[in-house]
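Enquirer: Sequence:
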Amino acid sequence: MAQTYNDRTGGCNITLANRLLALTAPSLPPPNTTRTLRILDNASGPMILTTQCLLDPTLTSHPAIHISAVDLSADFVAANRATLSSNPAFFCGNGRKVDTAVMDGLDLQFPDNTFDLSFTSLALFAFPDPVKGARELFRTLKPGGVAAATTWKSVGWLPLLHEVEAMLRPGRRPRTRMPALEPWSVPGKLARTLREAGFGRVEECEVECWAWWGGVGEAARWVAATVGMLVGEGWSQGGEGGDGGGVSGGDGEGDGGGEGVGGEGGGEWEGGGSDGGVCGGGVEVGWEED
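Position one of the sequence shown corresponds to residue 1 (the UniProt record's numbering), numbered consecutively onward.
Only true hints are included.
The list that follows gives simulated cross-link-like pairs (lysine-lysine, DSBU-like), each with its CA atoms no further than 30 Å apart:
1. K132 with K142
2. K132 with K97
3. K189 with K142
4. K132 with K189
5. K142 with K97
Calculated from the structure, these hints are not laboratory results. Quick caveat, the model's predicted, so the values are computed rather than measured.
Given only the sequences and the hints, what does the whole structure look like? Please build it.
Expert: Shown next as C-alpha cells:
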C-alpha cells in the first residue's frame, strides 16, 4: 500500500515532507537529555513524514523522539504496524519510539498540550470540517509548539488533460477535476482556516514539487490510474451522446484524497496557544510563542 501511494505521487510527498522539516527546524526546542520530543503525524497515510523525521539530522539530534502516526484508514494503520514490525531498529531503537493508531483528525485522542511538532500534510482539505480539524491541531500543541499543514495549490498535469477534453468534448465542463481541492487553490484559504481555528500568526509560502517516474510509460500508467479515479470509468471511444470521443463516468466529485501529483504543494504551519502559529500558502507554518 505504501509503495503504491509513493509510486502514484511520484515521490513529491517526500519532497514536501523534507521542505516542512526544514521550515520547522528553526523553531524546535534544543536537544535535552531529560525531555522527549513529541511529534504528531496526523492523517499519516503510509508514514512518509514519520520516516523523513527519522532521517532528519536535526530531529535525530534529540536524545529521545516519540512520534504518533494516526490515520482514519484502518488499512493504512495495519500496513504501518507491519512496517514498524519489519524494521524495529529504525523506528523504535536508539531513543526512538513510533506508535500508530486509527484516529479521526476531527477528534484527536490526545490531551491538550501534547506535541512539540504537529504535521497534517495533504489532508486538511479532505476533512468534513477543516476548521474543526485545525482546532484539534491547535489544542494538542504544547505552548511554543509548531504545527504545519499542507494542501495542493495546483496539480501540474490537470491543465493538459483539460485541453484534451476540450478537443473531445467541446464546450463541456472538464471531468478530470479535483473539486475538493478547488476552493483551496484560492490564495489565503489555508491561512484563513488556521486563523479561524485559533492561530494568531499565520504566514504562507509555496513549494513546487515535481513527480518523478522511471520513464514515460510509468508516468502514463500512474496518471491514467489517477484519471480513472477522478472520472470513474476513464476515457471511452464515442463519449457522451455520440459526440465522437470523450470521458465517461461520473464528475469525479470525490475528495481528491491527496492523490495529486506534480504541481505546487501548499501548506500551513501554526502553533498552539494564545499567539497562534505561522502558515504557508503552498506550505504554511505556524508556531505559538511562549
